[in-house]
Amino acid sequence: MTQQFHGNTLSDAALDQIFNEARSYNGWLDKDVSESQIKAIYELLKMGPTSANMQPGRFVWVTSDEAKERLAGYASDGNKDKVRAAPVTVIIGYDIDFHEELPWLFPHVDAKSWFEGDEEGRKEGAARNSALQGAYLMIAARALGLDCGPMSGVDLDAVTKDFFADQPRVKADWICSVGYGDPESIFERSPRPDFKTFNRIV
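When the letters of the sequence shown are read in order and numbered with full-length UniProt numbering, they come out as residues 1 to 202.
Treat the hints with care, since some could be wrong.
[Stated by the list, open to error] Simulated crosslink set (DSBU-like; lysine-lysine; CA at most 35 Å straight-line): (1) LYS123 - LYS112; (2) LYS80 - LYS68; (3) LYS31 - LYS196; (4) LYS196 - LYS161; (5) LYS39 - LYS112; (6) LYS80 - LYS171; (7) LYS171 - LYS46; (8) LYS161 - LYS68; (9) LYS68 - LYS39; (10) LYS196 - LYS80; (11) LYS123 - LYS196; (12) LYS31 - LYS161; (13) LYS161 - LYS80; (14) LYS68 - LYS46; (15) LYS112 - LYS171; (16) LYS161 - LYS39; (17) LYS123 - LYS80; (18) LYS46 - LYS123; (19) LYS80 - LYS39; (20) LYS31 - LYS68; (21) LYS123 - LYS171; (22) LYS46 - LYS31; (23) LYS123 - LYS39; (24) LYS171 - LYS39; (25) LYS196 - LYS68; (26) LYS112 - LYS80; (27) LYS161 - LYS171; (28) LYS46 - LYS112; (29) LYS68 - LYS171; (30) LYS112 - LYS161; (31) LYS31 - LYS80; (32) LYS68 - LYS123.
[Stated by the list, open to error] Here are the computed distance ranges between Cβ atoms for each label pair: (33) GLU188 - SER11: 24 to 34 Å; (34) THR9 - ALA135: 34 to 44 Å; (35) SER152 - ASP16: 19 to 29 Å; (36) SER113 - ARG84: 40 to 50 Å; (37) PHE187 - LYS31: 36 to 46 Å.
If you're looking for bench data, these hints aren't it; they were derived computationally from the structure. Being a predicted model, the structure only gives us computed values, none of them experimental. Where is the CB? At the ideal position from N, CA and C, for every residue including glycine.
Let the hints inform the model, and build the full structure from the sequences given.
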(Lines of atoms letter the chains of each structure in order from A and count residues from 1; the text may use other names and numbers.)
(Lines give C-alpha, C1' and ligand atoms only; values in the text may rest on other atoms or scores of the structure.)
Protein backbone atom coordinates (compact mmCIF):
# COMPACT_ATOMS: atom_id res chain seq x y z
CA MET A 1 0.00 0.00 0.00
CA THR A 2 1.10 3.58 -0.68
CA GLN A 3 2.36 5.43 2.35
CA GLN A 4 0.32 8.51 3.09
CA PHE A 5 2.23 11.78 2.69
CA HIS A 6 1.09 15.36 2.54
CA GLY A 7 0.35 16.50 -1.00
CA ASN A 8 -1.09 14.77 -4.04
CA THR A 9 0.29 11.24 -3.99
CA LEU A 10 -0.46 9.12 -7.06
CA SER A 11 -2.76 6.16 -6.60
CA ASP A 12 -1.41 2.68 -5.95
CA ALA A 13 -2.57 1.71 -9.43
CA ALA A 14 -0.61 4.55 -11.03
CA LEU A 15 2.54 3.75 -9.04
CA ASP A 16 2.22 0.09 -10.00
CA GLN A 17 1.86 1.02 -13.68
CA ILE A 18 4.93 3.25 -13.69
CA PHE A 19 7.19 1.43 -11.21
CA ASN A 20 6.10 -1.50 -9.06
CA GLU A 21 4.56 -3.74 -11.72
CA ALA A 22 6.29 -2.30 -14.79
CA ARG A 23 8.81 -4.55 -16.51
CA SER A 24 11.42 -4.39 -19.26
CA TYR A 25 9.97 -6.34 -22.19
CA ASN A 26 11.80 -8.56 -24.65
CA GLY A 27 8.86 -9.18 -26.98
CA TRP A 28 5.90 -7.26 -28.28
CA LEU A 29 2.25 -7.73 -29.09
CA ASP A 30 1.17 -6.98 -32.65
CA LYS A 31 -0.24 -3.55 -31.81
CA ASP A 32 0.85 -0.30 -33.40
CA VAL A 33 2.07 2.81 -31.63
CA SER A 34 0.79 5.93 -33.38
CA GLU A 35 2.61 9.12 -34.22
CA SER A 36 0.30 10.93 -31.82
CA GLN A 37 1.37 8.57 -29.02
CA ILE A 38 5.04 9.21 -29.84
CA LYS A 39 4.45 12.94 -29.70
CA ALA A 40 2.55 12.60 -26.42
CA ILE A 41 5.54 10.80 -24.89
CA TYR A 42 7.82 13.65 -25.92
CA GLU A 43 5.43 16.31 -24.63
CA LEU A 44 5.70 14.69 -21.19
CA LEU A 45 9.40 13.84 -21.14
CA LYS A 46 10.45 17.38 -22.09
CA MET A 47 8.89 18.64 -18.87
CA GLY A 48 11.37 16.70 -16.73
CA PRO A 49 14.12 18.88 -15.24
CA THR A 50 17.56 19.15 -16.80
CA SER A 51 20.46 21.32 -15.68
CA ALA A 52 19.83 24.91 -16.83
CA ASN A 53 17.02 23.46 -18.96
CA MET A 54 19.74 22.35 -21.38
CA GLN A 55 17.52 19.70 -23.06
CA PRO A 56 20.48 17.90 -24.67
CA GLY A 57 18.53 14.78 -25.62
CA ARG A 58 18.04 14.10 -29.31
CA PHE A 59 15.60 11.35 -30.25
CA VAL A 60 15.12 9.29 -33.39
CA TRP A 61 11.91 7.24 -33.35
CA VAL A 62 12.48 4.21 -35.55
CA THR A 63 9.16 2.97 -36.95
CA SER A 64 9.57 1.95 -40.60
CA ASP A 65 10.59 -1.56 -41.58
CA GLU A 66 13.58 -0.17 -43.46
CA ALA A 67 14.85 1.84 -40.48
CA LYS A 68 14.22 -1.06 -38.09
CA GLU A 69 16.33 -3.33 -40.27
CA ARG A 70 19.16 -0.78 -40.33
CA LEU A 71 19.05 -0.40 -36.55
CA ALA A 72 18.80 -4.16 -36.00
CA GLY A 73 21.96 -4.56 -38.05
CA TYR A 74 23.88 -2.64 -35.40
CA ALA A 75 22.34 -4.47 -32.44
CA SER A 76 23.84 -7.43 -30.64
CA ASP A 77 22.53 -10.84 -31.66
CA GLY A 78 20.19 -11.00 -28.67
CA ASN A 79 18.67 -7.63 -29.49
CA LYS A 80 18.21 -7.82 -33.27
CA ASP A 81 14.79 -9.47 -33.19
CA LYS A 82 13.65 -7.18 -30.37
CA VAL A 83 14.28 -4.18 -32.59
CA ARG A 84 12.59 -5.78 -35.58
CA ALA A 85 9.49 -6.79 -33.62
CA ALA A 86 8.92 -3.60 -31.63
CA PRO A 87 6.49 -1.09 -33.13
CA VAL A 88 8.91 1.70 -32.16
CA THR A 89 12.51 1.81 -31.00
CA VAL A 90 13.79 5.21 -30.00
CA ILE A 91 17.46 6.13 -30.23
CA ILE A 92 18.43 8.37 -27.34
CA GLY A 93 21.32 10.61 -28.23
CA TYR A 94 22.85 13.80 -26.89
CA ASP A 95 24.02 17.01 -28.52
CA ILE A 96 27.53 18.04 -27.46
CA ASP A 97 26.75 21.57 -28.60
CA PHE A 98 23.50 21.86 -26.64
CA HIS A 99 24.75 25.20 -25.29
CA GLU A 100 23.97 26.86 -28.63
CA GLU A 101 20.26 26.52 -27.77
CA LEU A 102 20.53 27.97 -24.26
CA PRO A 103 19.79 31.61 -25.19
CA TRP A 104 16.15 30.63 -25.77
CA LEU A 105 15.92 27.59 -23.51
CA PHE A 106 17.38 29.38 -20.45
CA PRO A 107 17.01 33.10 -21.19
CA HIS A 108 17.31 34.32 -17.59
CA VAL A 109 21.11 34.55 -17.75
CA ASP A 110 23.92 34.10 -20.27
CA ALA A 111 24.10 30.35 -19.68
CA LYS A 112 25.69 29.70 -23.06
CA SER A 113 28.89 31.32 -21.80
CA TRP A 114 29.13 28.78 -18.98
CA PHE A 115 29.85 26.02 -21.49
CA GLU A 116 31.78 27.73 -24.28
CA GLY A 117 35.34 26.47 -24.64
CA ASP A 118 34.70 23.42 -22.44
CA GLU A 119 33.78 20.56 -24.76
CA GLU A 120 34.62 17.86 -22.21
CA GLY A 121 32.39 19.54 -19.66
CA ARG A 122 29.63 19.76 -22.25
CA LYS A 123 29.97 16.06 -23.08
CA GLU A 124 29.67 15.18 -19.40
CA GLY A 125 26.66 17.42 -18.88
CA ALA A 126 24.97 16.31 -22.08
CA ALA A 127 25.43 12.61 -21.33
CA ARG A 128 24.12 12.96 -17.77
CA ASN A 129 21.11 15.07 -18.64
CA SER A 130 20.14 13.15 -21.77
CA ALA A 131 20.19 9.97 -19.68
CA LEU A 132 17.73 11.70 -17.35
CA GLN A 133 15.58 12.53 -20.36
CA GLY A 134 15.69 8.89 -21.44
CA ALA A 135 14.44 7.90 -18.00
CA TYR A 136 11.68 10.49 -18.28
CA LEU A 137 10.82 8.95 -21.66
CA MET A 138 10.30 5.55 -20.06
CA ILE A 139 8.19 6.99 -17.25
CA ALA A 140 6.12 8.97 -19.76
CA ALA A 141 5.55 5.93 -21.98
CA ARG A 142 4.47 3.82 -19.01
CA ALA A 143 2.22 6.59 -17.74
CA LEU A 144 0.51 6.61 -21.14
CA GLY A 145 -0.14 2.86 -21.00
CA LEU A 146 2.82 1.66 -23.04
CA ASP A 147 5.70 -0.65 -22.15
CA CYS A 148 9.45 -0.24 -22.60
CA GLY A 149 12.45 -2.38 -23.44
CA PRO A 150 15.67 -0.43 -22.86
CA MET A 151 18.85 -1.76 -24.48
CA SER A 152 22.53 -0.86 -24.55
CA GLY A 153 23.66 -3.86 -26.63
CA VAL A 154 24.18 -1.93 -29.86
CA ASP A 155 27.11 -0.51 -31.80
CA LEU A 156 26.61 3.12 -30.80
CA ASP A 157 29.30 4.48 -33.12
CA ALA A 158 27.58 2.86 -36.10
CA VAL A 159 24.17 4.08 -34.94
CA THR A 160 25.56 7.59 -34.58
CA LYS A 161 27.08 7.57 -38.07
CA ASP A 162 23.86 6.30 -39.63
CA PHE A 163 20.99 7.94 -37.77
CA PHE A 164 22.70 11.19 -36.80
CA ALA A 165 24.68 11.63 -40.02
CA ASP A 166 23.15 15.08 -40.51
CA GLN A 167 23.93 16.10 -36.92
CA PRO A 168 27.68 15.54 -36.48
CA ARG A 169 27.70 16.89 -32.91
CA VAL A 170 25.11 14.38 -31.72
CA LYS A 171 26.13 11.02 -30.25
CA ALA A 172 23.85 7.99 -29.77
CA ASP A 173 23.87 6.70 -26.19
CA TRP A 174 21.29 3.88 -25.91
CA ILE A 175 18.04 2.64 -27.41
CA CYS A 176 14.64 1.78 -26.01
CA SER A 177 11.80 -0.10 -27.64
CA VAL A 178 8.27 1.12 -26.93
CA GLY A 179 5.01 -0.69 -27.47
CA TYR A 180 2.65 -3.16 -25.86
CA GLY A 181 4.77 -5.77 -24.15
CA ASP A 182 4.16 -9.49 -24.57
CA PRO A 183 3.83 -10.93 -21.04
CA GLU A 184 5.35 -14.18 -22.29
CA SER A 185 8.64 -12.39 -23.05
CA ILE A 186 9.62 -11.36 -19.53
CA PHE A 187 11.64 -13.24 -16.95
CA GLU A 188 10.96 -13.48 -13.25
CA ARG A 189 11.73 -10.10 -11.72
CA SER A 190 15.32 -9.72 -10.54
CA PRO A 191 15.92 -8.84 -6.88
CA ARG A 192 15.60 -5.26 -5.75
CA PRO A 193 17.62 -4.13 -2.71
CA ASP A 194 15.93 -2.80 0.38
CA PHE A 195 16.65 0.74 1.52
CA LYS A 196 19.46 -0.04 3.94
CA THR A 197 21.53 -1.93 1.36
CA PHE A 198 22.57 1.07 -0.75
CA ASN A 199 21.30 4.08 1.18
CA ARG A 200 22.40 6.27 4.07
CA ILE A 201 20.66 9.21 5.68
CA VAL A 202 23.21 11.53 7.25
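Results for each hint:
no.	hint	result
1	LYS123 - LYS112	holds (14 Å)
2	LYS80 - LYS68	holds (9 Å)
3	LYS31 - LYS196	violated (41 Å)
4	LYS196 - LYS161	violated (43 Å)
5	LYS39 - LYS112	holds (28 Å)
6	LYS80 - LYS171	holds (21 Å)
7	LYS171 - LYS46	holds (19 Å)
8	LYS161 - LYS68	holds (15 Å)
9	LYS68 - LYS39	holds (19 Å)
10	LYS196 - LYS80	violated (38 Å)
11	LYS123 - LYS196	holds (33 Å)
12	LYS31 - LYS161	holds (30 Å)
13	LYS161 - LYS80	holds (18 Å)
14	LYS68 - LYS46	holds (25 Å)
15	LYS112 - LYS171	holds (20 Å)
16	LYS161 - LYS39	holds (25 Å)
17	LYS123 - LYS80	holds (29 Å)
18	LYS46 - LYS123	holds (20 Å)
19	LYS80 - LYS39	holds (25 Å)
20	LYS31 - LYS68	holds (16 Å)
21	LYS123 - LYS171	holds (10 Å)
22	LYS46 - LYS31	holds (25 Å)
23	LYS123 - LYS39	holds (27 Å)
24	LYS171 - LYS39	holds (22 Å)
25	LYS196 - LYS68	violated (42 Å)
26	LYS112 - LYS80	violated (40 Å)
27	LYS161 - LYS171	holds (9 Å)
28	LYS46 - LYS112	holds (20 Å)
29	LYS68 - LYS171	holds (19 Å)
30	LYS112 - LYS161	holds (27 Å)
31	LYS31 - LYS80	holds (19 Å)
32	LYS68 - LYS123	holds (28 Å)
33	GLU188 - SER11: 24 to 34 Å	holds (26 Å)
34	THR9 - ALA135: 34 to 44 Å	violated (20 Å)
35	SER152 - ASP16: 19 to 29 Å	holds (26 Å)
36	SER113 - ARG84: 40 to 50 Å	holds (45 Å)
37	PHE187 - LYS31: 36 to 46 Å	violated (22 Å)
Violation of the numbered hints given earlier is confined to hints 3, 4, 10, 25, 26, 34 and 37; the remaining hints are satisfied by the structure.
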